[in-house]
Amino acid sequence: MNGATTQGFYDSDVVIEFDDHKDLLQYMPAYWREYFAQSDFEGPRANGVHGLPRTAISKFKSRLYQGGLAGYVSAFNSGYATRFRPDGVVFNPLYNIESIRHPDLSAVLATAVNDWMHDHLLTASGHSLFSIVVSPHYPDAAAAEIRRVAARGRAAQVILPACTAIPLGNRINRPIFEAAAEFGLPVALQATGYNGNPPTSSGWYTYFVEEFAGLKLTLESQLMSLITEGVLAEFEQLKVVLLDSGVTWLPSYAWRFDKEWRGMRRDVPWVTKPPSEYIREQVFCTVTGVDLPESVDEFRACFDELDLSKSLLFASRYPYCHSPDTVESLIPSFVDQVFGTAALVENTRQLYWKYHSRSVRGS
Amino acid sequence: MNNHDYIIDCDIHPTFGKHDYARLAQRYLPKAWQAYAIEYGQNVVSHSIGSHFPRIHPNSARFDAWPPNGDVPGSDYDFMKLQHFDRWKTKYCIINPLTLLVHPRNYGFANAVAHALNEWVIETWLAKDDHLRSSISIAYEDPTASVREIERYSGDPRFVSICFVTRTFEPLGNSKYWPIYEICESKGLPFGIHFGGYSGWPLTGAGFPSYYIEDHCGMAQSMQAHVISMVMEGVFERFPKLQVVLLEGGMMWLPSLMWRLDRCWRAMRSEVPHLKEPPSFYIRRNVWLTTQPIEEPKKLSSWKTFVEQLNMPGRIMYASDYPHWDFDSPEKIEEIFTVVGRDFARDILGANAERLYRFEAGKPLRTGTEAVVQS
Numbered sequence: 001m002n003g004a005t006t007q008g009f010y011d012s013d014v015v016i017e018f019d020d021h022k023d024l025l026q027y028m029p030a031y032w033r034e035y036f037a038q039s040d041f042e043g044p045r046a047n048g049v050h051g052l053p054r055t056a057i058s059k060f061k062s063r064l065y066q067g068g069l070a071g072y073v074s075a076f077n078s079g080y081a082t083r084f085r086p087d088g089v090v091f092n093p094l095y096n097i098e099s100i101r102h103p104d105l106s107a108v109l110a111t112a113v114n115d116w117m118h119d120h121l122l123t124a125s126g127h128s129l130f131s132i133v134v135s136p137h138y139p140d141a142a143a144a145e146i147r148r149v150a151a152r153g154r155a156a157q158v159i160l161p162a163c164t165a166i167p168l169g170n171r172i173n174r175p176i177f178e179a180a181a182e183f184g185l186p187v188a189l190q191a192t193g194y195n196g197n198p199p200t201s202s203g204w205y206t207y208f209v210e211e212f213a214g215l216k217l218t219l220e221s222q223l224m225s226l227i228t229e230g231v232l233a234e235f236e237q238l239k240v241v242l243l244d245s246g247v248t249w250l251p252s253y254a255w256r257f258d259k260e261w262r263g264m265r266r267d268v269p270w271v272t273k274p275p276s277e278y279i280r281e282q283v284f285c286t287v288t289g290v291d292l293p294e295s296v297d298e299f300r301a302c303f304d305e306l307d308l309s310k311s312l313l314f315a316s317r318y319p320y321c322h323s324p325d326t327v328e329s330l331i332p333s334f335v336d337q338v339f340g341t342a343a344l345v346e347n348t349r350q351l352y353w354k355y356h357s358r359s360v361r362g363s
Numbered sequence: 001m002n003n004h005d006y007i008i009d010c011d012i013h014p015t016f017g018k019h020d021y022a023r024l025a026q027r028y029l030p031k032a033w034q035a036y037a038i039e040y041g042q043n044v045v046s047h048s049i050g051s052h053f054p055r056i057h058p059n060s061a062r063f064d065a066w067p068p069n070g071d072v073p074g075s076d077y078d079f080m081k082l083q084h085f086d087r088w089k090t091k092y093c094i095i096n097p098l099t100l101l102v103h104p105r106n107y108g109f110a111n112a113v114a115h116a117l118n119e120w121v122i123e124t125w126l127a128k129d130d131h132l133r134s135s136i137s138i139a140y141e142d143p144t145a146s147v148r149e150i151e152r153y154s155g156d157p158r159f160v161s162i163c164f165v166t167r168t169f170e171p172l173g174n175s176k177y178w179p180i181y182e183i184c185e186s187k188g189l190p191f192g193i194h195f196g197g198y199s200g201w202p203l204t205g206a207g208f209p210s211y212y213i214e215d216h217c218g219m220a221q222s223m224q225a226h227v228i229s230m231v232m233e234g235v236f237e238r239f240p241k242l243q244v245v246l247l248e249g250g251m252m253w254l255p256s257l258m259w260r261l262d263r264c265w266r267a268m269r270s271e272v273p274h275l276k277e278p279p280s281f282y283i284r285r286n287v288w289l290t291t292q293p294i295e296e297p298k299k300l301s302s303w304k305t306f307v308e309q310l311n312m313p314g315r316i317m318y319a320s321d322y323p324h325w326d327f328d329s330p331e332k333i334e335e336i337f338t339v340v341g342r343d344f345a346r347d348i349l350g351a352n353a354e355r356l357y358r359f360e361a362g363k364p365l366r367t368g369t370e371a372v373v374q375s
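Line by line, the protein sequences are chains A and B. Per the numbering used here, residue 1 is the first one in the first sequence, and the count goes up by one each step. Per the numbering used here, residue 1 is the first one in the second sequence, and the count goes up by one each step.
It cannot be assumed that every hint is accurate.
These stretches of chain B come out as covered by chain A in the derived footprint (C-beta under 8 Å, 3 or more residues) [unchecked claim]:
#, stretch
1, 212 to 218
2, 251 to 257
Pairwise CB distance ranges (calculated) [claimed, not checked]:
#, chain 1, residue 1, chain 2, residue 2, range
3, B, 338, A, 101, 53 to 59 Å
4, A, 300, B, 298, 17 to 23 Å
5, B, 332, A, 102, 53 to 59 Å
6, B, 55, A, 151, 45 to 51 Å
7, B, 87, A, 300, 40 to 46 Å
8, A, 83, B, 335, 27 to 33 Å
9, B, 299, A, 103, 45 to 51 Å
No wet-lab data here; the hints were simulated from the structure. Treat the numbers as computed from the prediction; the structure is a model and nothing was measured. A virtual CB, placed ideally from N, CA and C, is assigned to each residue, including glycine.
With the sequences and hints as input, model every part of the structure.
Below is the structure:
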């Protein structure tokens, strides 16, 4: 990996799923342990997301989680970590807590997941970090949880579903961003979410493949919300990370957005710069996703005007990746050819570990 | 101007003048529906989602589009002729009547209104000016009645297309709408999807935004969802000659969306076995784009990149959106696309639309008629 070895190897997106709650029970008060024992609730992924398609499930998954969450950790350690020896990875929980409406239940689950990750993932690999799960339905509770977890160090960021019930830029959600900004944590949006809103302004698609392809539209809407409703302007240091979002849509999106801002900025006077500048300075994308063209030249041409070389993060999206031989082959080859794996790893390190490494050693 | 230097504008918006509502109702709405509208209101879905986002300009109009007679922009034929048709020497302009297309939930009323609108367009616009053409207005959430309304006007050469707004009750690939596509295909009528509407669903997959800028900008996402839906649900496999025109939804997002759809299809094609070809094949075969509101990259060369990536020769057509505030002039479009080539730019202004729409002389059905009472 050209030159990157001097800075190490950092991965911004390693996915862990919490389908089974046995391991989480120890992090819950007695009332909730009893609730799990007596009710039919099996967790958001089991109850809220019935019939998750096989295409959304890693082929390694059943093997990975054979021994529950501990099985995941040992499989990660003996597989990915042994092969690539990362200096740090960000564990991104896929949890769909937004599918739970119960305010206390969602809070207790978020806490259990965060505490489990803190106790079990941090030793997994170098200076690993994890993303804080919070319920987007209850911004005040979310902010409290962010502060509680962030104060212990080792949190990479706050993770939220792209598909929320209310756009994230809406002022009702501001406490989440205040808390993240207070600790210098990025906020990451995951291309998922079960909130009750249909994925389009015309209701529901028929097929899963449509919904999957269309997820990027909701990421686009959220980014528009975060910029126009003033979150990125209010918190100048705040970084937003779009996970598994694809990248080729961003330049043309920025040009339309800039034009619209010129025409309608009177409505949103707090947006003092063209949206493309907020995107360049505060928005990051992981390099997985499915919107790559057929040729590397076409791919390169996308970024002729909107330079994203500092905005793209190295991401394997393990275990949803092919079984690769090298670090470079963890990401699409066009991305490696145009941006360089080493540069993306360095962007990743800068975003998550530049300030973290000291506090990590101290903790 | 030489022979191929002509302008066809695919999207203008004549609208009701101050007295047109009353006149329209009296002339073209059956008495029972006139009384209904007074007693019960229009019963539109937009009422259920609250007020629309306040526009940045009154009537969404250009400041200079207010006619001297004091009526509203788009209502005065003589002023529109002076300011738009004569100014740009347009060869044809296509009217997309947006007025009243706000989803009355009572389909009987909606159908009566759509019909009244078609008659209003004939009398107030088409009958006055041979160079005007129009889309047929239909209450598209009632496809059976829509097909009847399309049949009624499709023989009139002045009606050259059908027009929906983006915010429908279902994504447009849904089989509910297929009877409309069937008649569009069989009559050779292009099917337009235009900015706007009120489905009652939130604009985004994450709920309702707060500001007009999000509503306006968000139409690009609304439009893309229809492209995803129509392609993936097999509309173009079933209706291979259907011609879909995207109006006022932007263009530059399409290459990236094609790449994304092709890759998703390759990974999950077993879910959509009705698709025999990659999604980009259908998009390139069945979709046309219009220019307004044109994206504005800083470098003109970005347009060259876009045109190469798009690879849809002849499929970009000029639209002005007159008299709305986000109007794009032919000069601006010509300047932008001259970076690709002079002929390429000229074709966008005229020839591409002329190849798609049937601008036949033909004999108009009539010049205004009495109301047709509908059930």
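Okay, the hints, checked on the actual structure:
For the stretch 212 to 218 of chain B, the assignment as covered by chain A holds, since 6 residues bring a beta-carbon within under 8 Å of that chain's beta-carbons and 3 suffice. Coverage of a stretch by a chain is defined here by at least three residues with a beta carbon nearer than 8 Å to that chain's beta carbons; for the stretch 251 to 257 of chain B and chain A the count is 5, and the condition holds. A hinted range of 53 to 59 Å holds for the C-beta pair residue 338(B) and residue 101(A), which are about 56 Å apart. Against the hinted window of 17 to 23 Å, the Cβ-Cβ separation of residue 300(A) and residue 298(B) comes to about 18 Å, which satisfies the hint.
At roughly 54 Å, the beta carbons of residue 332(B) and residue 102(A) sit within the given window of 53 to 59 Å. The hint said 45 to 51 Å for the Cβ distance between residue 55(B) and residue 151(A), and at roughly 46 Å that hint holds. Range check, residue 87(B) to residue 300(A): about 42 Å between beta-carbon atoms, so the 40 to 46 Å window is met. The hinted range of 27 to 33 Å is not satisfied by residue 83(A) and residue 335(B), whose Cβ atoms lie roughly 54 Å apart.
Hint check: residue 299(B) to residue 103(A), Cβ distance near 50 Å, so the stated range 45 to 51 Å holds.
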